[in-house]
Structure formats: structure tokens, C-alpha cells
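K.L.:
As you go down the protein sequences, you meet chains R and X in turn. Everything in the first sequence is counted per our numbering, starting at 1 for the first residue and increasing by one. Everything in the second sequence is counted per our numbering, starting at 482 for the first residue and increasing by one.
Treat each hint with caution, since some may be false.
[Stated by the list, open to error] One side only, chain X facing chain R, incomplete, derived with CB under 7 angstroms:
(1) Ala-541
(2) Ser-542
(3) Leu-553
(4) Gly-559
(5) Val-589
The hints are simulated quantities; they were obtained by calculation from the structure and are not laboratory data. None of the values given here were measured: they were computed from a predicted structure. We put the beta carbon where it would ideally sit given N, CA and C, even for glycine.
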Amino acid sequence: MTSETTSEMDGWEVVIGLEVHAELATATKLFSGARNEFGGEPNTHVDPVSLGLPGSLPVLNEKAVELAIRVGLALNCSVQASEFARKNYFYPDMPKDFQISQFDQPINGEGWLELPDGRRIGIERAHLEEDTGKSTHVGGGGRIHEASYSLVDYNRAGVPLIEIVGKPDLRSGEDARAYVSELRAILVAIGASDGKMEEGSMRVDCNVSVRPVGEDELGTRCEVKNINSLRSLGRAVTYESRRQVDLIASGQKVEQQTRHWNEEDGRTHTLRSKEEAFDYRYFPEPDLVPVAPSAEWIDEIRAAMPLLPGERRNRLAEEAGVQPAAAALSVERGLDDLALAAMDLDADPARVLVHVENNLADGQGALTADAFAALVAMETGGDLTATQAKTVLADLVDSGGDPASLAASHGFEAMGTSELEGLVDGLIAEHPDDWEAFVGGDEGERKKKSGFFVGQIMKATRGQADGRVVNEILERRAGNA
Amino acid sequence: MEPDADTSTPGRITRDDVAYVARLARLNLTDSELDGFTGQLADVLDHAADIEALDLDGVASTSHPLPLSNVLRADVPGVGPADEADHRLFCDEVLAAAPAVEESRFRVPPVLGEAP
């Protein structure tokens, strides 16, 4: 991936606004009792409503409304009275020839999402709508314009979606990735969606424009579709912003377009231009009455909300005495409860976080908070080196057990200080020049030489010495402690 | 209402409007049809002008004719034939009624243009 900060992009600001569609984790569809399940034999999760059969009428799913309200509360939106509207278009993925969505009165109004670094990204709205069926284009290499015909499966038609429309507050591909990643973590945490981009249960459309740095007015934007992973999102933003800057730099204009991201060639391609833009002829859905959640219902839903990822980062950061960003990985891995429990048992917070970030990438396995705390205590007490602790930790994750006996079984006997002192004294006698340099040198030289001595001791003890203790002995011998 | 007031004129639908709406609905109209429908549609829409002429200050806009809100159903699977075999039959019947089916999917003519 090329960086957006290379010279061609100098002087230009990239402006990004994202529309994220997430399938809500209900048992049934938005307007009928057909199953909401990924996959399945084609056209089996269907009923008269999802097939748009004449005479069928939609009835709104209460759980979908509840999940939508949870999303609104998690994104600090105003939850409000709302209505449904018909969005009309010609495409076989909706058998009714319209999609039921929310238009001028969405269930969630303005709000914001806080990134792990503390920046707040505006949310325009988050509304309910139904998903479409899945089309497969046959012939022409699966490309829509060259296909000889298409096959449609309506299992997905009518699955409840929440569409979260973000404000154009993002400024780079990295920003966009951070936003989607945080949004996904929130949706998963509140049980609203499984957030699987690869299964299409979370989809991202990306509006990109560029403008000279310092300019307040927005440039002409293009909407990029077909982004299927966080990685694609970053790549698509990088490619599209560069394409726009190149156009302007060569004296041309950016045309307002919908563009299609192609993962294989790493480019965006024109899908349709503004002149072909659809007029969806929205009008109020006559078959559905308004949804006006009562204050009591909203309060009830709020009271049942779990801690959000941001709140969990803050909680862990406060306990560990670090910045929230430093607690991000622990929360992302779902190990913050373990870390907090170990800290409650007096484990050193810094060592706990180091282990969670460096040595627990695959989760805690059989590791308990008690064993974790005991291990960290052995380490900070000088009974185990960092390297030995890591080995014992891996055992604890694999099969649990007692850290002390695991350490013993590896032969990680704590090396007595007097034994180490003897080794250090012998080393000083063997390397008088290095010792002189250590005692009399500037800071850089001291560092270099302490590294040398610690390295020699490690070699002599086959890694069983504690580097911190060796350094203390060196300092004492040099008369500094 | 003033006898001479022609409330319909300012917003009266034009031939271009009709051609645009016809295109959105994928209707291929001849010139004479466009002329004919422009007049007919204008007459229909004039009825809305009658309502616009009324004094409606203080009357809240109506979003739905029924005075209802929050009509919801529980998130429980099953509609119509609850029995699995009946449901299977329903799915088979639906596919059998389609003009063309392939691999249990509806076969449709090539799609010219991406979904919105």
C-alpha cells in the first residue's frame, strides 16, 4: 500500500465520509417471520413478504427496532419518532421493485463515535432498512455489464439492516479504517451485528473528495462501492484520492460518480455518472405505521447496554495508569477483564499489559487471573526473567497449572544474587578495558557496555539470570548505588 | 376562493416532467402519448391544488391515514405454513411459478447497471 503522504499528495487534503450497512442479528427478517440466516439453500429463507407476492403486508420486527435503538444509543444519537418510506428502483434484487427504508425521519438522528485516539467523528443518522436479494451474474467473467443473465436468491431480501451515515470527518485511509474498526467493535459489543465484512454482513460505501489544504469548501466527491475488508478500504481511499488529485493536477475536473473498487487490479472504475443518477421517488410507505419509541422503552434499552469498547479502554487505562490508546489492544482481544482481575490481585499493571499485548495474541486459553497474577509476581520479584516468564505463560495458556511448578519443571531456578555477583566480578576481572569504559564513559558508552556485560552473563547462565538484577550489581560495583 | 384565481398554473406539470417520470418507470411513450398524458396528469394533480387552496394553518401533516404507531411483531420465525414440509412445498411452488429457474435461483435477463 502506498502512503497518502507522498509528494504528489502534498498540499492536498483528503475528505472521507462513510456509509456503513450492517445486518442486524435478529432471528427473522425486518418485516416478516422468514429466517435471517447467512447462506442456506437458495430461496428457502423466503415467504410471501420477502418475495413481494401480491397481497402480502409487512409487519415490523420489534427486535430489529430494539437493536437499531441500541446502535443509536451507542453512537450518541438522538433516538426519535420515525417513519418508513419506499425507495423505488428497477433491479431484480428486490422483487417488489422498491426497498423499504427510512428517508426524512430516521429512527436515529445526529450523533458521534469516538476513535481510540480520542477524536470524535460525526454521525449524520442511523436508520433501518431491508437488505436486498443476492444476484449472481453469469457469463462475461461475472462482470455485470457483460453478463448474459443473472440468478437471484432472495434469502437475504428483507434482512434487517442499520445504515450508519457518517459525516465527512475522516482525513485518510487510516482514519477510515480506524472508524470502521471501532464501529464494528461497538456493533459486536452491543450484540447488534456480527460485523463480518467477509460474509457481507457489514458493508462499507466510501465517499471521497480532495481539496487544497486550507480550503473550507468540499471538492466534488465520488462514491466507492464494493469494499469488502478493512484492507480494501485503505487501498481504495489511497487510490481514489490520488486519482482525483492527478485529474486536478492535469487540468481536468473530478466528475461526481459512483465507482466500483476492483480488488484484483487495485483500482476504482466508473459505475455510473451523475447524469445517470437515480431518482428514487421516495414516498411514505402506506403499509407501515410510524415507529415512535417511548422514553420508557429507550431507558429500558439503555439500562441493558453493556460497556462499550471505549468505556472498557478507559476503565483499563485508568487502572493501569496509561493512556486509553495503550489499552486498545487488550480490549480488542477481549482480555481487559483478565488484565483487570490480575491487577486486582496486585500484579504489576505494566507487566500485565506487556504480556497481553506481546504474548497473548491468541487469547487467554487456560490462563486464569490467579495464575497470571502469580506469574507476574514471580517476574517482578526477580524469580523469573522476562524470557522465562514468557515461556511459563505459554504453558499456562496451553494447559493451565501452577506457575511456580511450571517454572521449576523448565529448570528456571532463581539464581541467587550472591551467585550472580560472583559471575559479575569474574567478568569485570576478565574485561578491565570494558569495565573502565563502563565506569568512566558517557551515557551512550555506559549503555553499550552494560549491554555487553549483561549479554555475557546471559550467555554464561544460558538466559537464567535476571537482566535487571545484573544491572543493579553493575551499578553497585561502579559505586553508583 | 377568487373566481379568477388559477391555483393550478404555477406548478402545472409539463411535458418534460411527464417524459422524465416515464423514463424512471421505464415506459416508452410516443410523442402523442406524452401529449395526451401531460393533459390527463395535470387534471389529476389539479385536485391537489384544491387542497392547497384550503386554509390549513394549525393542521398537523398526516403521515398515515390510521391513527396508529408502533405496530410490532415478536422476532419469532415462522409465517403461514409452520410445518417444514409445507414451507418446502411453498418454496418449490414459488420457483415453479417463475419463468426461468437455475440452481434454485430465479433466472433473470442481464442487468444493465449496478444496484443502488
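K.L.:
Are the hints correct? Go through all of them and say.
P.N.:
These are the hints, each one checked on the structure:
| no. | hint | in the structure |
| --- | --- | --- |
| 1 | Ala-541 | violated, 12 angstroms |
| 2 | Ser-542 | violated, 10 angstroms |
| 3 | Leu-553 | holds, 4 angstroms |
| 4 | Gly-559 | holds, 5 angstroms |
| 5 | Val-589 | holds, 5 angstroms |
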